[in-house]
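Here is what each chain is made of, one letter per residue.
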Amino acid sequence: MNALRAAWAIAAKDLRIEWRSRTAILTASLFAILVELIIVFGRDAGTVSYAMLAPSVLWITIALSSLVALNRAFLLEREHGALEGILAAPVNRSALFWGKWFANLVFVLAVVTVAFPLWVLFFNVEPSTGLYGVMGLAVLGAIGFTAVGTVFSAMTVRTRHAELLLPVLMLPFMLPPVFFAAQATMRLLGGRPMEELWGWLRLLALFDVVFLVLATLIFPAVVDE
Amino acid sequence: MPPLLQATSLVRRFGSVTALAGVSLTVDAGEVVLLLGPNGAGKTTLLRCLSGLARPLRGTVQLGGADVHADPSARAGFGFLSHNALVYEDLTPRENLRFAAALQGLHDAEVRISEALERANLTDRADTLVRGFSRGMLQRLALARATLHQPALLLLDEPFTGLDVTAATVLRERLMAEREAGTAIVCVTHDPAELWEAATRVVILVGGRVVGAIPRPAALEGFRDIYAAALAA
Chain L
17 MNALRAAWAI AAKDLRIEWR SRTAILTASL FAILVELIIV FGRDAGTVSY AMLAPSVLWI
77 TIALSSLVAL NRAFLLEREH GALEGILAAP VNRSALFWGK WFANLVFVLA VVTVAFPLWV
137 LFFNVEPSTG LYGVMGLAVL GAIGFTAVGT VFSAMTVRTR HAELLLPVLM LPFMLPPVFF
197 AAQATMRLLG GRPMEELWGW LRLLALFDVV FLVLATLIFP AVVDE
Chain S
1312 MPPLLQATSL VRRFGSVTAL AGVSLTVDAG EVVLLLGPNG AGKTTLLRCL SGLARPLRGT
1372 VQLGGADVHA DPSARAGFGF LSHNALVYED LTPRENLRFA AALQGLHDAE VRISEALERA
1432 NLTDRADTLV RGFSRGMLQR LALARATLHQ PALLLLDEPF TGLDVTAATV LRERLMAERE
1492 AGTAIVCVTH DPAELWEAAT RVVILVGGRV VGAIPRPAAL EGFRDIYAAA LAA
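First to last, the sequence lines map onto chains L and S. Residues 17 to 241 (the numbering used here) make up the first sequence, in order. Residues 1312 to 1544 (the numbering used here) make up the second sequence, in order.
Because the hints were derived from the structure by calculation, they are not lab data. As the structure is a prediction and not an experimental result, all values here were calculated from the model. For glycine and all other residues, C-beta sits at the position ideal for the given N, C-alpha and C. There may be inaccurate statements among the hints.
[Claimed, not checked] DEER-style ranges, computed between Cβ atoms:
hint, chain 1, residue 1, chain 2, residue 2, range
1, L, 133, S, 1329, 56 to 62 Å
2, L, 53, S, 1382, 31 to 37 Å
3, L, 236, S, 1369, 48 to 54 Å
4, S, 1369, L, 232, 25 to 31 Å
5, L, 59, S, 1439, 22 to 28 Å
6, S, 1477, L, 155, 49 to 55 Å
7, S, 1493, L, 241, 48 to 54 Å
8, L, 236, S, 1419, 48 to 54 Å
9, L, 177, S, 1537, 28 to 34 Å
10, S, 1381, L, 43, 49 to 55 Å
11, S, 1381, L, 152, 39 to 45 Å
12, S, 1325, L, 236, 55 to 61 Å
13, S, 1536, L, 236, 42 to 48 Å
14, L, 232, S, 1325, 34 to 40 Å
[As the list claims (entries may be wrong)] If you only want the chain L side, here are some residues facing chain S, beta carbon under 10 Å, derived:
hint, residue
15, 37
16, 95
17, 100
[Stated by the list, open to error] From chain S, some residues computed to sit far from chain L (all C-beta separations above 12 Å):
hint, residue
18, 1317
19, 1369
20, 1390
21, 1407
22, 1416
23, 1478
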């Protein structure tokens, strides 16, 4: 119970600070929009249709803007050595992970909320019930991304080049969920039967569960000196 | 009566460098211990091991009988203050203290926060963002955060660094008040004069080893010769 309360306090503190400055969320949202625009204008209209590109673009956008968002997760703990204040408190290290993870998840989903309608607009995605499914997929994907990102963000924050190291460490771990989610999105938008979808959903959910458990277990060792 | 803090045979290495080579330290309730030594002696490393921030390779740290590394709740027994304020600039002092209270699991947080802000002379700035605070104000807030849960032991890592004379005097007075209230203090410092009057014992570290642990001599001048001899030995 104490760990849950501490995790909530950490998440609420992060969200309050972000809400107050809005710097990172604006930057990440703008970044997501720019990624979509670059692909729209970089597309060879004669050979590649919007329908073919749309699923991949959505997930590339979410993955890359998550990186921008996750970079700030532990950077704000560097000011005045604030992380030490948490680590010296009578709080389990795992509570720090869960608090940070939840704040990051809300943060990434906020960026997705901005990027999603623009993706529908830019890529002529037909409004259908499948779009609700894609939104659900975005939540499922973000859970895994942020679990991995929270651990790597904590790992790199004490290094001199945290902003450079995080993408290099994180992107390989993003490949499987991006692949699973893009496959599921393609089938959802194509109106394919659910049997074709379940396998990809299970893989995405498995990725989330495995990395949430792994992250919880290894996080204390990551933040301990 | 068992000591308040008992660190036993602490060993800590950074690669091939041994920062702590089997350091043991006990602190009784109400004691004020100054940890002195030259740069690289292992003072800060020792304090970080005592606070649970760093895990020793070998050895244990017990506070009130509980291992601070194995049992997170043991860390409720101390407050940690360093030359960093450990606060967030985009929160107000009140919000920073609320966050600290939540981590400590305090139930009567609002009352304690109001009292802490008053003691820190920050009541009139309680609801303005910390961004832009002077170093002295930051350190007063840091001490309010470190003592909010009324710990039995304060661990201080060069808390006077960067403070002007007035701010250092205010901090010293606040620490003396904590001592009067029965709080034990372990203070890492380069300058024993900063907390000399409050100290009950002086521990000298050189090369990751305790080379001297003596009751505080009456006069600081006399101690300087003892200190120089310990460093030379």
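What hint numbers does the structure not satisfy?
Going through the list in order, the structure violates hints 2, 3, 5, 7, 8, 9, 10, 12, 14, 20, 21 and 22 and respects the others.
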